[in-house]
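Participant: Given next are the chains, with one letter for each unit.
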Amino acid sequence: MTTVPITETAAPLLELLDLAGVAVFAISGALLAAARRQTLVTFIFFAVVTGVGGGTARDLLIGAPVFWMGENRILLVCLAAALIVWLSPRRLWRGRALLWFDAAGLATYSAFGAAKGLAFGVAPLPAIAMGVLTACLGGIIRDVLAGEPSILMRAELYVTAAALSAAMVVGLLLLGAAPPLAGGIAAMAGFALRAGAIARGWKLPAYRR
Amino acid sequence: MTTVPITETAAPLLELLDLAGVAVFAISGALLAAARRQTLVTFIFFAVVTGVGGGTARDLLIGAPVFWMGENRILLVCLAAALIVWLSPRRLWRGRALLWFDAAGLATYSAFGAAKGLAFGVAPLPAIAMGVLTACLGGIIRDVLAGEPSILMRAELYVTAAALSAAMVVGLLLLGAAPPLAGGIAAMAGFALRAGAIARGWKLPAYRR
Amino acid sequence: MTTVPITETAAPLLELLDLAGVAVFAISGALLAAARRQTLVTFIFFAVVTGVGGGTARDLLIGAPVFWMGENRILLVCLAAALIVWLSPRRLWRGRALLWFDAAGLATYSAFGAAKGLAFGVAPLPAIAMGVLTACLGGIIRDVLAGEPSILMRAELYVTAAALSAAMVVGLLLLGAAPPLAGGIAAMAGFALRAGAIARGWKLPAYRR
Numbered sequence: 009m010t011t012v013p014i015t016e017t018a019a020p021l022l023e024l025l026d027l028a029g030v031a032v033f034a035i036s037g038a039l040l041a042a043a044r045r046q047t048l049v050t051f052i053f054f055a056v057v058t059g060v061g062g063g064t065a066r067d068l069l070i071g072a073p074v075f076w077m078g079e080n081r082i083l084l085v086c087l088a089a090a091l092i093v094w095l096s097p098r099r100l101w102r103g104r105a106l107l108w109f110d111a112a113g114l115a116t117y118s119a120f121g122a123a124k125g126l127a128f129g130v131a132p133l134p135a136i137a138m139g140v141l142t143a144c145l146g147g148i149i150r151d152v153l154a155g156e157p158s159i160l161m162r163a164e165l166y167v168t169a170a171a172l173s174a175a176m177v178v179g180l181l182l183l184g185a186a187p188p189l190a191g192g193i194a195a196m197a198g199f200a201l202r203a204g205a206i207a208r209g210w211k212l213p214a215y216r217r
Numbered sequence: 009m010t011t012v013p014i015t016e017t018a019a020p021l022l023e024l025l026d027l028a029g030v031a032v033f034a035i036s037g038a039l040l041a042a043a044r045r046q047t048l049v050t051f052i053f054f055a056v057v058t059g060v061g062g063g064t065a066r067d068l069l070i071g072a073p074v075f076w077m078g079e080n081r082i083l084l085v086c087l088a089a090a091l092i093v094w095l096s097p098r099r100l101w102r103g104r105a106l107l108w109f110d111a112a113g114l115a116t117y118s119a120f121g122a123a124k125g126l127a128f129g130v131a132p133l134p135a136i137a138m139g140v141l142t143a144c145l146g147g148i149i150r151d152v153l154a155g156e157p158s159i160l161m162r163a164e165l166y167v168t169a170a171a172l173s174a175a176m177v178v179g180l181l182l183l184g185a186a187p188p189l190a191g192g193i194a195a196m197a198g199f200a201l202r203a204g205a206i207a208r209g210w211k212l213p214a215y216r217r
Numbered sequence: 009m010t011t012v013p014i015t016e017t018a019a020p021l022l023e024l025l026d027l028a029g030v031a032v033f034a035i036s037g038a039l040l041a042a043a044r045r046q047t048l049v050t051f052i053f054f055a056v057v058t059g060v061g062g063g064t065a066r067d068l069l070i071g072a073p074v075f076w077m078g079e080n081r082i083l084l085v086c087l088a089a090a091l092i093v094w095l096s097p098r099r100l101w102r103g104r105a106l107l108w109f110d111a112a113g114l115a116t117y118s119a120f121g122a123a124k125g126l127a128f129g130v131a132p133l134p135a136i137a138m139g140v141l142t143a144c145l146g147g148i149i150r151d152v153l154a155g156e157p158s159i160l161m162r163a164e165l166y167v168t169a170a171a172l173s174a175a176m177v178v179g180l181l182l183l184g185a186a187p188p189l190a191g192g193i194a195a196m197a198g199f200a201l202r203a204g205a206i207a208r209g210w211k212l213p214a215y216r217r
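Chains as they are written, first to last, in this note's numbering: chain L, 9 to 217; chain H, 9 to 217; chain S, 9 to 217.
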């Protein structure tokens, strides 16, 4: 595996997307802790694990330094997410807030994870897998730790939305699109598909043989 | 830890065994998705996670580059496994197909994982553990994600078969046996033990104090 | 991330603490296998996974070589722990032995994990997280594999005790305290807090909005 360092120009965008992905996943983790009436420490633990879990797996797999080790800032984002959910009025998060934050994190992280994989010299198909796995791992770890049934076992479009986002960013980047454009289009496409699943119940056909 | 690169002569054999282990585990993952009436995307996810999960953990632990990152071929094997199970007539997989594929993957991956550990300069005992953990992790992750009770908690011979296979390949290689011979004998011994457990219900005694 | 190698003087202490953490966690894993009436192979598997799970995650995250790969000794400690629990009279482990061994492992591993993180150039906040996550991961993996409800979901002080221990060792080391002193004070503080939780039922307030 050749490890081409990330290009200078793409670095700030990738960093911003990484922080955004961390923040939305951290909030989704803290919201699950709130729904289960947990303590502040558990809020923080879920915010951190959900916030950085996917990106950590991605970095280990592609051979990059784990992105939150060298600085305090990323964990501060997770701590802030936990505190905001803990302190804010409950009606702010009522309804399907958790689902929508999770959807935003899914689409963002998927595009970002796939692009970072390509930037580190990973082949196209594993790069798409990096997007899917890292986008989904945060939520899967959160659900397994909380004893929730994993999203993987439902027919609802979820992993598919991450796959669309990851495949689109890889395709657009290989066709020569500028990273911000490719990432934006891909994340919006993935989010739209997931939004359809949440709002209209879009499903995949199940195996019936 | 000294990281001795894998010898030139053993490389093609190790690569073939790795692909074979991926294929059988990927099929076992897809068969579980089929048994649970899942969607094609879940078939693919289970095929990939079960197919490469064990080897991924092994490579991270021994400090090797993760084996499926630099090429498209290994994920194509997993995609093919998922599609074959999805499209093939159901009676082809009836009965205990899942158990037998899992057994073949267990014995193959265990011998291969231990041999690769030794090749990267790992000490004998951790090399045996590499064989056991990597052979068992694929199936354990698959079962945990599907919410199945883990094989670890049953008295049935399973981990033991992987341990036999891994210990035999390490012992034979340290005694100077040629890698193909050592791997073949070890994998057959582990498979035989697991076959006895499946066909005849061989068990270990449980703790009774 | 700069990876400053561990200082020569602190190395023997860190090594001893690592072995102690492995031993107590391995025993706690074997005791859970005993409580569930498992086989000797499952005793060994739980002893190894619980004994080295936390430290393995820590080493992967901070970019250190995985600590048990280059030698046979650490796995021998886990094997010995499994055998001792298997062979010893059951009344030796009656009552809350599992809880107390887990508490000792929690406080020790947390201080050690945070100190090792700092020694490898990790920033203070991620170093504290390294202590918490690695101290808690052993027990969490053990509970998830056994199908037990995770400690994370209870109001009981557990993760908090690990956080206290990790934060104290990081604070004391940054203030210039000698590593043995800092580690000893921090581990005792964490153990005291966890002991209060076990003996007196100390709890954190849960979310109630």
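Hints were generated in silico from the structure; no laboratory data involved. Honestly, I wouldn't trust all of these hints.
The calculated label-pair distances, taken between Cβ atoms and stated as ranges, are [as the list claims (entries may be wrong)]:
| id | chain 1 | residue 1 | chain 2 | residue 2 | range |
| --- | --- | --- | --- | --- | --- |
| 1 | L | Arg44 | S | Ala200 | 20 to 30 Å |
| 2 | L | Gly204 | S | Leu84 | 38 to 48 Å |
| 3 | H | Gly78 | L | Ile193 | 41 to 51 Å |
| 4 | H | Ala186 | S | Ala43 | 42 to 52 Å |
| 5 | L | Met196 | S | Ala207 | 53 to 63 Å |
| 6 | S | Ala214 | L | Leu84 | 35 to 45 Å |
| 7 | L | Arg98 | S | Arg208 | 27 to 37 Å |
| 8 | L | Glu156 | S | Arg81 | 51 to 61 Å |
| 9 | L | Leu91 | H | Arg99 | 29 to 39 Å |
| 10 | L | Ala88 | H | Glu23 | 44 to 54 Å |
| 11 | H | Gly78 | L | Glu156 | 49 to 59 Å |
| 12 | S | Leu91 | H | Gly204 | 47 to 57 Å |
| 13 | L | Ala88 | S | Gly209 | 49 to 59 Å |
| 14 | H | Asn80 | S | Ala43 | 40 to 50 Å |
Please read all numbers here as calculations on a predicted model, not as lab measurements. Here a beta-carbon is modelled for each residue, glycine too, at the ideal position from N, C-alpha and C.
Participant: Hints first: check each against the structure and report whether it holds.
Facilitator: A quick look at each hint next to the structure:
1. L:Arg44 - S:Ala200: 20 to 30 Å: holds, 28 Å
2. L:Gly204 - S:Leu84: 38 to 48 Å: violated, 56 Å
3. H:Gly78 - L:Ile193: 41 to 51 Å: Since the Cβ atoms of glycine 78 of chain H and isoleucine 193 of chain L sit about 27 Å apart, the hinted range of 41 to 51 Å is violated.
4. H:Ala186 - S:Ala43: 42 to 52 Å: Roughly 45 Å apart at Cβ, these two residues keep to the hinted range, so it holds.
5. L:Met196 - S:Ala207: 53 to 63 Å: holds, 55 Å
6. S:Ala214 - L:Leu84: 35 to 45 Å: Hint violated: Cβ distance 24 Å, outside 35 to 45 Å.
7. L:Arg98 - S:Arg208: 27 to 37 Å: holds, 31 Å
8. L:Glu156 - S:Arg81: 51 to 61 Å: About 40 Å separates the Cβ atoms of glutamate 156 of chain L and arginine 81 of chain S, which means 51 to 61 Å is violated.
9. L:Leu91 - H:Arg99: 29 to 39 Å: violated, 57 Å
10. L:Ala88 - H:Glu23: 44 to 54 Å: holds, 47 Å
11. H:Gly78 - L:Glu156: 49 to 59 Å: About 35 Å separates the Cβ atoms of glycine 78 of chain H and glutamate 156 of chain L, which means 49 to 59 Å is violated.
12. S:Leu91 - H:Gly204: 47 to 57 Å: 25 Å Cβ-Cβ, so the 47 to 57 Å window is violated.
13. L:Ala88 - S:Gly209: 49 to 59 Å: Violated - the Cβ-Cβ distance for alanine 88 of chain L and glycine 209 of chain S, about 31 Å, lies outside 49 to 59 Å.
14. H:Asn80 - S:Ala43: 40 to 50 Å: holds, 47 Å
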